[in-house]
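Chains as they are written, first to last, in the working numbering: chain A, 49 to 358; chain B, 23 to 284.
Everything labelled a hint here was simulated from the structure, so no lab data went into it.
Certain hints may be false.
Covered, in the sense of this in silico footprint (three residues per stretch, anywhere, with C-beta under 8 Å from a C-beta of chain B), are these stretches of chain A [stated by the list, open to error]:
| hint | segment |
| --- | --- |
| 1 | 97 to 111 |
| 2 | 121 to 132 |
| 3 | 140 to 148 |
Ideal Cβ positions, reconstructed from N, Cα and C, are used throughout, including at glycine.
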Amino acid sequence: MIRVRELSKRYGDLLALAGLDFELASGEILGLLGPNGAGKTTTLRLLTGFMPPDGGRVEIDGHDLAQLGPDLRRRSGYLPEATPHYPDLSPEENLEFWGGLYGLAGPARRAAIAKVIEGCGLGAVARRPARELSKGYRQRLGLAQALLHDPELVFLDEPTAGLDPLHVRELRAMIRSFAGNKTVVLCTHILSEVEAVCDRVLILDRGRSALAGSLAELGQRFAGRGRFEARVALPPGGWAGAPGLRAAERLAAGTPERWRLELDPDAEAPAALAAWLHGRGGRIYELRARAAGLEEVFLEVLSGRAEEAP
Amino acid sequence: MRVLAAILRREWRALFGSPQAGLLGGAFLLLAGALSSLNLQAYLRANAEIGLRMRSQGLAPAFLDFNESLLRQDLGALATLSLLLLPLLAMNLLAEERRSGTLELLMTSPVGEGRLVLGKWLAAWLYFLGLLALACLPKFVLAAYGSLHWPSFLVGLAGIALLAGAFLALSLFLSSLTRSPLLAAVGGFALLLLLWILGGFAKAGATGFPDGALAALSALGHLAPLLTGLLDTADLAYFLLLTALGLELARRRLQALRGGWR
Chain A
49 MIRVRELSKR YGDLLALAGL DFELASGEIL GLLGPNGAGK TTTLRLLTGF
99 MPPDGGRVEI DGHDLAQLGP DLRRRSGYLP EATPHYPDLS PEENLEFWGG
149 LYGLAGPARR AAIAKVIEGC GLGAVARRPA RELSKGYRQR LGLAQALLHD
199 PELVFLDEPT AGLDPLHVRE LRAMIRSFAG NKTVVLCTHI LSEVEAVCDR
249 VLILDRGRSA LAGSLAELGQ RFAGRGRFEA RVALPPGGWA GAPGLRAAER
299 LAAGTPERWR LELDPDAEAP AALAAWLHGR GGRIYELRAR AAGLEEVFLE
349 VLSGRAEEAP
Chain B
23 MRVLAAILRR EWRALFGSPQ AGLLGGAFLL LAGALSSLNL QAYLRANAEI
73 GLRMRSQGLA PAFLDFNESL LRQDLGALAT LSLLLLPLLA MNLLAEERRS
123 GTLELLMTSP VGEGRLVLGK WLAAWLYFLG LLALACLPKF VLAAYGSLHW
173 PSFLVGLAGI ALLAGAFLAL SLFLSSLTRS PLLAAVGGFA LLLLLWILGG
223 FAKAGATGFP DGALAALSAL GHLAPLLTGL LDTADLAYFL LLTALGLELA
273 RRRLQALRGG WR
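Next up, chain B with everything else stripped away, as it sits in the complex (with noise of 0.2 Å):
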């Protein structure tokens, strides 16, 4: 425990004191005020053209339901916005100790790979996780004029923390490839692009692959679900085996760059 708190102050110090970091996260935080604003105002005029043509038929005036048509369009918004950040988040993980020589001392210390590689995505995930919090902060008060329904919406942000765990982890395993942070982020967002668009390929059915196979390997397939409220075992699973992946397949590689040693 006292090695994993000693990378995450490390990580956190790094995340917190950098100007690249702080700029991405007011980026994420920025554009999801906007794209919930812009959402919000849909809303709005959507209930408010609902209200006329009902009121011009002589009928009482109906809404549309908050949690279906705003707070799931807000929690599309954040995935989305996920996407794009989670590479730039990762890119420097493992690349920047491998640029910079630390990781020589890294590999020359009593720290295992596993609990180094742990000890990032740790870091990593819950600085995005406040992010996430922040971020949600106004649906509270949009909360206080509709019905929000909790767990429903409590799922659709337990979604996005596990396509974020998950999408870390493979960023981070694209870091430890490279010496050029840049070029992690690249690699990581071209990964987690495909990953997003799986479902969209296994819909054209173009690709000769099974449409089950693309489906169930799609991200996006499985995030619509738990953005909707509903909690199935094979949406959570699928994200927490690609986390256990990334995570796996990023210690693989440090062991492999010390030539196999333990």
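Looking at chain A on its own, in the form it has when it is part of the complex (with noise of 0.2 Å):
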């Protein structure tokens, strides 16, 4: 539905993004990480079609976005990461003035925003002036003006900056109850909410696109290089002298115990370390290689230490 082809955006002297590629097919949840400066908020702006790229091309549904125009903003929601309102006015007011604005009229737009203030969790504030409400309802209120028009692409900046656990759980919940029905771009620097709520990945580094893909293959791509679980009985002595090992960490005892190491990466570390373990008296029952985590990947991609997979 979304194809990014050699995106580019400069702000004078700086480049923020350098030739950006991505796809999204229909009803996907991407979330775009990368460290502060990487081209993330920039990215949301030349999808929601706020600004024009210097370079490159976005295509919607193989259509042209420049082309789009108001068409675009119509089947689009967008949730800035400053989360802007009209302070003077309530939530209500707020969506009235927001619906009016999308062409909702009478019972269409009272049913909208019922059902928005409802879906956020608005209910309780829904009529006292946004300038009263807390961060967390002032970010609901955001997410429900993305999303009273029922949009078919929503495009999420920072949704669950400086919200309590609680708000993040549920607005989390919300935003992946959109998978297969809305196509959604989130933009964050918490690694873990890609993990609860995105199919896949685009990892950006000053402005160019770093690794992509969904979560399970990232870390499939990821897996090996050196992470190992293993079920073993130790030798006396423990891992002392072991070659190879790096770093291990007991996950549960008992004969045999569970543990997850860090080996070089090196193809025949395994191995040697398999043999250590019987010439000193100790077995293997198993050794995995362990798929990589986010936080793992994402590291080791802006550290400059993951090799691209073919």
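Make the complex out of the two chains shown on their own, each in a separate frame, by following the hints.
Structure (structure tokens):
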């Protein structure tokens, strides 16, 4: 549904995006990850049509974004990072205003407002001036505004920033419930949020795509690389002197014990370790490569240690 | 129309709900009333003096023309007060949207820049017309004691309404240039004052510009005939063109803010 090709954007001397490529299928939730200044917010602003790229192309359902104009805006909902709203209006009045801008009127508007107020948990504060709302409720109001016209495309910039854990859990559950119905691009710093909510991940670094894929693909792609889980019976003296062993963490006691091991990223390291164990009177029952967590992938990619798989 | 109505409702809510706009409107009405009262006192005093003089010369007392000597003064005072009020009324229209970040949402909604600019201008203009109508209410009481020449009076009011439309459009453009409402108000006031006094430069003939050109650009020069009840298409065209210019500049500014995309 969304296809991005060679997208670039420059602010004066600063190259914010430098030839970004990615694709996102209809109904998928994409997590945009990256350090500060990686180009996440710029990417969202280009995807929402807020500003044009300096180069490259965005296609929505095969149509050039530049040609879609108001059609795209009618089909998309956007929650900017600052969650802007009119503080003198209540959430209900804010939503009435935005509904009017999206062409909603009469019973249809009332129904849409009631739906998002309930869905975003704004019922208790629907008629209080927005200036009196907590950060969490203002965030919910921003999300309600983005969803009011039931858009197919939803762009969310740091939707859970500053929220308490309870609000975070509820909001993530709501975003996750969009899977299959709405195409979502979620921009965040929080890796666990991406793991909890997204189908796919795009890691940006200095305006470029550093890595992209589904969570499972990335985990597998970075599996091995020295990360293992093992069930072993340790020799007397434990791991002392084990060849190629960088770190060991016991996950479960018993016989055999379960360990998380980090070995040298050398193809021979597992065999050398197994031989060493047998030679010292220990036994190895199972040794398997462990899929990497998103945090490990993220850190590896950004530290430049990751090698792109073919 | 639905979008325009939504913008109008939003702006009126902001204007009627904000203490700042209420204070501005109240101050405008209070000053208009005070100036009108001073004009009335001066009119009555002048009539009394003329009456005394004529009686001392054995002539029947005569009175200054009610429309010429009182209402025109009042309309002039209203126009001058508008010069102060309008930049303050317009300063928030776009600068505040930029400052609070809601402009980003507006620009990613299906509302085009043209409708956004038109809606905001219309809301402020109609609000001003409401204030103008309130400020004119005492005139209807006065009219019961004098012979009000309605066509002249209405042309004068239309002149102030046109002036307000043009000045609001220009102030709206200035409001689109900055995130600071205060800066927008100061810039707006400076620009409007310049337009107001251009005629004075034309008379002095000291600018190096052709006097005719400066006079043609002077807002006061085009307003004065309307305040006397003279309807000239050149004056109407001046204010309408100025309004269109301000709105178009504001629209283009918003377009530029989004990098030229439509």
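Status of the hints after comparison with the structure:
1. 97 to 111: holds (count 4)
2. 121 to 132: holds (count 7)
3. 140 to 148: Contact hint for the segment 140 to 148 of chain A vs chain B: holds, 6 residues under 8 Å.
The structure shown violates none of the earlier numbered hints.
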